[in-house]
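Trainee: Spelled out from the first residue to the last, the chains are:
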Amino acid sequence: MSASEQDLPLVVEFRNVVLRFGNFVALNDVSFKIADVPDKGEFISIIGPSGCGKSTLLNLIAGFLQPTSGDVLVRGRRVEGPGRERGMIFQQYSSFPHLTILKNVLFGLNINAAEMGLSHEQRREKAMELIKHVGLLGHEDKYPHQLSGGQQQRVAIARSLAIEPRILLMDEPFSALDEPTRLEMQELLVELWYRIHPTIFCITHSIAEAVYLGERVWIFTSAPGQIGYDIREGIPPSRGIKPLEAQERTEFKDAVRAVTEAFRRVTQRADGKKVELG
Amino acid sequence: MFPAWFLEIRGKAPKKAAVLFGLVPVLLLLLIWWFITAGDAEERVISPLILPSPHEVVASVPELLHENDQQGRSLVQHVELSLFRVLVGFLLALAVTLPFGIAMGAFGSVRATFLPLATASGYIPIAALVPLTISLFGSGEKQRIIFLALAFAIYLLPLIVRAIDGVPDVYLRTAYTLGATRFQTVFGVLVPVALPDIWHSMRLAFGVGWTYLVLAEVVVKEGGLGDLIDTARRRALPGRVWLAILIITLIAWIADLAWNQAGKLLFPYRSTQR
Chain X
0 MSASEQDLPL VVEFRNVVLR FGNFVALNDV SFKIADVPDK GEFISIIGPS
50 GCGKSTLLNL IAGFLQPTSG DVLVRGRRVE GPGRERGMIF QQYSSFPHLT
100 ILKNVLFGLN INAAEMGLSH EQRREKAMEL IKHVGLLGHE DKYPHQLSGG
150 QQQRVAIARS LAIEPRILLM DEPFSALDEP TRLEMQELLV ELWYRIHPTI
200 FCITHSIAEA VYLGERVWIF TSAPGQIGYD IREGIPPSRG IKPLEAQERT
250 EFKDAVRAVT EAFRRVTQRA DGKKVELG
Chain V
0 MFPAWFLEIR GKAPKKAAVL FGLVPVLLLL LIWWFITAGD AEERVISPLI
50 LPSPHEVVAS VPELLHENDQ QGRSLVQHVE LSLFRVLVGF LLALAVTLPF
100 GIAMGAFGSV RATFLPLATA SGYIPIAALV PLTISLFGSG EKQRIIFLAL
150 AFAIYLLPLI VRAIDGVPDV YLRTAYTLGA TRFQTVFGVL VPVALPDIWH
200 SMRLAFGVGW TYLVLAEVVV KEGGLGDLID TARRRALPGR VWLAILIITL
250 IAWIADLAWN QAGKLLFPYR STQR
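Those protein sequences? They're chains X and V, same order as listed. Quick note, the first sequence lines up with residues 0 to 277 if you use numbering that gives the first Met the number 0. Quick note, the second sequence lines up with residues 0 to 273 if you use numbering that gives the first Met the number 0.
Just so you know, not all the hints are guaranteed correct.
Stated by the list, open to error - Restricting the straight-line Cα-Cα distance to at most 27 angstroms, the calculated cross-link-like pairs of lysine-lysine (DSS-like) are:
hint, chain 1, residue 1, chain 2, residue 2
1, X, K102, V, K263
2, X, K252, X, K102
3, V, K141, X, K141
Unchecked claim - Have a look at the derived ranges for each label pair, beta carbon to beta carbon:
hint, chain 1, residue 1, chain 2, residue 2, range
4, X, E120, V, V18, 48 to 58 angstroms
5, X, N22, V, F20, 31 to 41 angstroms
6, X, L136, V, L97, 32 to 42 angstroms
7, X, L243, V, A3, 37 to 47 angstroms
8, X, G80, V, P267, 45 to 55 angstroms
9, V, P267, X, E120, 40 to 50 angstroms
10, X, L243, V, F20, 30 to 40 angstroms
11, V, L97, X, E120, 34 to 44 angstroms
12, V, P267, X, A113, 29 to 39 angstroms
13, X, G80, V, V95, 54 to 64 angstroms
I should point out that these hints are in silico values taken from the structure, not numbers from a laboratory. The model shown is predicted, which means the values in this text are computed figures rather than measured ones. Here a beta-carbon is modelled for each residue, glycine too, at the ideal position from N, C-alpha and C.
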């Protein structure tokens, strides 16, 4: 981390966060700092064995869980509950079934109309713009059940981004999708991230996806959950490169190989030493 | 020889075949009814005092339509009275159980407070509420409607709570991360998402209500189809008894179809859910 980055305010900070469920330690002494660079959020991919506390980390940032000890800070403030500056996208389809696509995207905009200072027309315009960005133009009057799984996740992304969250939390957002749709969604997400630049934490179980999406990959260790590796070097930028193309490139292959190797070491606990971060 | 769906596990009958198959037992029943009640009264397998022939049942329609009972009520008036009681009782029950059920489904505190009472009241023998409501409210129209409302409410409340419970967490969590307040989450997400299921519960309850109706009308006889049944039985007019039973079944069945159709119109997005 450079000196200039160190002086910047932090968008997310964990200070010695511990989370226990009864006797089970989900997260053990996790600390990290993510700098709040204006108009340039980071994209952090998170991988790790199942049950290692990845989702717990996201739920803590979202405010759905409170740490047993330690501090979870978002932009310098302790997280006390969910809020609109931290959007979340889940693996399960979450489009409200009783609302059309347009009304789904408008949901957050209408709720926060006063705070965002948007008139009725401006909200509609913004919603339509996002619907266009995620490639659902022409579907805005349909109900979620008329859409495919990939389209439903597009709705979820548009709806989250509409209210301009600084942080976007994604918990295996593309895991339920078929492979071609997944690749499409990966490309869309990278494109949207470059355009809007929120800080994204995205859990995935695919190493190739983690490397393609993120500019930084975290590998979690399990029981107790900790960030085992924070890999920033050698993760190539992927804007404008299709996922399938990317997979053919040497720098991607090398990155995937390095991350896979680290992942294997984590699961086999060959080194067992904690990698210091931040 | 059989179509593929016929003995397939969870096989689905095509629509036309389903209608056709559904008619078979009905026609068979009518045929058996006709057969065992055919011929002269003395030669029948079953005495016409127990089971009149289909013809005799239908013949009691003009009788009932034109001829009034001792209180001067015609068949149409009996049906109207029964419909009125069921509707008012149902609406009363709904007015109480809907807000209560939503509050119980939404908030753990309300649920913890009222769930034991609601669960226990599910075991109250509904028939026992008739004498109880009579001693409390007298034997007028008020008692019958309150009895029906109670019966409906005991049936409806747990179903409404369950409908709210059935809303997946992911919708609530999404609403929170979009900045929704608790009020907005309950009335913008929780209730509307549960509404098709609540509607279904209402449909079930409304159907069950017709069985309670007869109970309400048999004990104190002041008109209605239940009154008609019991009075006809005492006067040894089994044709009327059977007719009243058929009318109740028919009304309840038509009402059920109406609930279903209205549900489809109100909740078009439900079609592929669950």
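Trainee: Which earlier hints can't be squared with this structure?
Mentor: 2, 3, 5, 8, 9, 10, 13
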